[in-house]
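Line by line, the protein sequences give chains A and B.
Just so you know, my numbering puts 189 at position 189 of the first sequence, and the rest follows in order with no gaps.
Just so you know, my numbering puts 1032 at position 32 of the second sequence, and the rest follows in order with no gaps.
Just so you know, these hints were derived from the structure itself, not from any lab.
Since the model is a prediction, treat every value here as computed from it, not as a measurement.
The beta-carbon is built from N, C-alpha and C at its ideal position, and this holds for glycine as well.
Some clues are possibly wrong.
From the derived model, a few chain B residues whose C-beta atoms are all more than 12 Å from chain A [what the hints assert, rightly or not]:
#	residue
1	P1112
2	L1178
3	R1181
4	S1186
5	G1202
Below, in silico cross-link-like pairs of lysine-lysine (DSSO-like), each with a Cα-Cα straight-line distance of 27 Å or less [unchecked claim]:
#	chain 1	residue 1	chain 2	residue 2
6	A	K149	A	K52
7	B	K1024	A	K24
8	B	K1024	A	K52
9	B	K1149	B	K1052
10	B	K1052	A	K24
11	B	K1052	B	K1024
12	A	K24	A	K52
13	A	K149	A	K161
14	B	K1149	B	K1161
There are 2 protein chains.
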Amino acid sequence: MPAMSKSTNITWHDGDVPREQRIKQLGHNGATLWLTGLSGSGKSTVAVAVEKLLLGRGVNCYRLDGDNVRHGLCDNLGFSAEDRAENIRRVGEVAKLFADACVVVLASFVSPYRADRDRVRLLHEQAGLTFAEVYIDVPLEVAEQRDPKGLYKKARAGEIKNFTGIDDPYEPPTEPELTLRTAEMSLDDSARAIVDFLQHQGIIL
Amino acid sequence: MPAMSKSTNITWHDGDVPREQRIKQLGHNGATLWLTGLSGSGKSTVAVAVEKLLLGRGVNCYRLDGDNVRHGLCDNLGFSAEDRAENIRRVGEVAKLFADACVVVLASFVSPYRADRDRVRLLHEQAGLTFAEVYIDVPLEVAEQRDPKGLYKKARAGEIKNFTGIDDPYEPPTEPELTLRTAEMSLDDSARAIVDFLQHQGIIL
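Kindly generate the complete structure, drawing on both the sequences and the hints.
Spelled out as structure tokens, the structure:
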């Protein structure tokens, strides 16, 4: 239990179904693929392409992203530094539960701070679950030119403050498991690289 | 977006894989089974038995319970009325994500307040997902005699305050989808009743 935990009178249930048996019965393991990169880098697009490939193989795969999680689990959080960290923490915990359930999670979040991402990694490693950082790496100019949601335009006009890449920093991963330069490679190749990675790691057959 | 949401600059992604296709490719739908009842009523025991039956059929099924969620997602929450409500809210949101991913969730929480459970039900219904309240109904005397974690003893001794059934109320479901009187029926029959329900609802084949 974390040192800061407020919870008392609780005991940990390991459950009676061993993980190996769950993996065997479902035919695949789970893992968290953490797609990080600038807004407009292509995280969600890549995630959808991977989801299609995996579902086609009967592998349960689920996308978590800033857009849909913020409507539910994290809808009582704003965009202060503290709230952003809590947002990533909650998503990290949820991703861990999915990975434990043998679902391949595609978590697409700008998640600009190294410390937040490292915390999610540690959480998985402590639970013996696979976590892989997938750096969706495009030059700011490319992301800004794509601007699928018109957010860069608003940030440049000062209508949005603390926008990653404009007036807030993005800290690139130092040792990502995968780097996908979506400005230089096709969507198919990007998605395939992730599926190959999962196969190589023994997460899927 | 809820009226109270603090989040701005977000758009909802419906995703490019229709749910029908996900269900077809995985071979089953998802649902949230919300097991509510006193501490010691048998919620976790029933959940483990159902999990074994479903995994044996290749249906992905995952247990969420107060004991393991409180170590992670909710470890910054205590046991005040406000924190208990936020605890159930977060778990409800996570259960919804799992159900959306076509996982059968077995959420085992004392969850003594009707209003909290009704909120989770509404959340699912608004998303077009199946939610079923499973009332694990045993007399307080039976639960207290079982006392698997020694909590009733501590509550009677005044070492634990606001303990459901002793000095805090339990509000039974008014219209549960299933009621399982675990003091009067076998564990096999209880688990089977839940699997039959899922089959009848078309969640599993």
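Output the indices of the hints that this structure fails to meet, ascending. none
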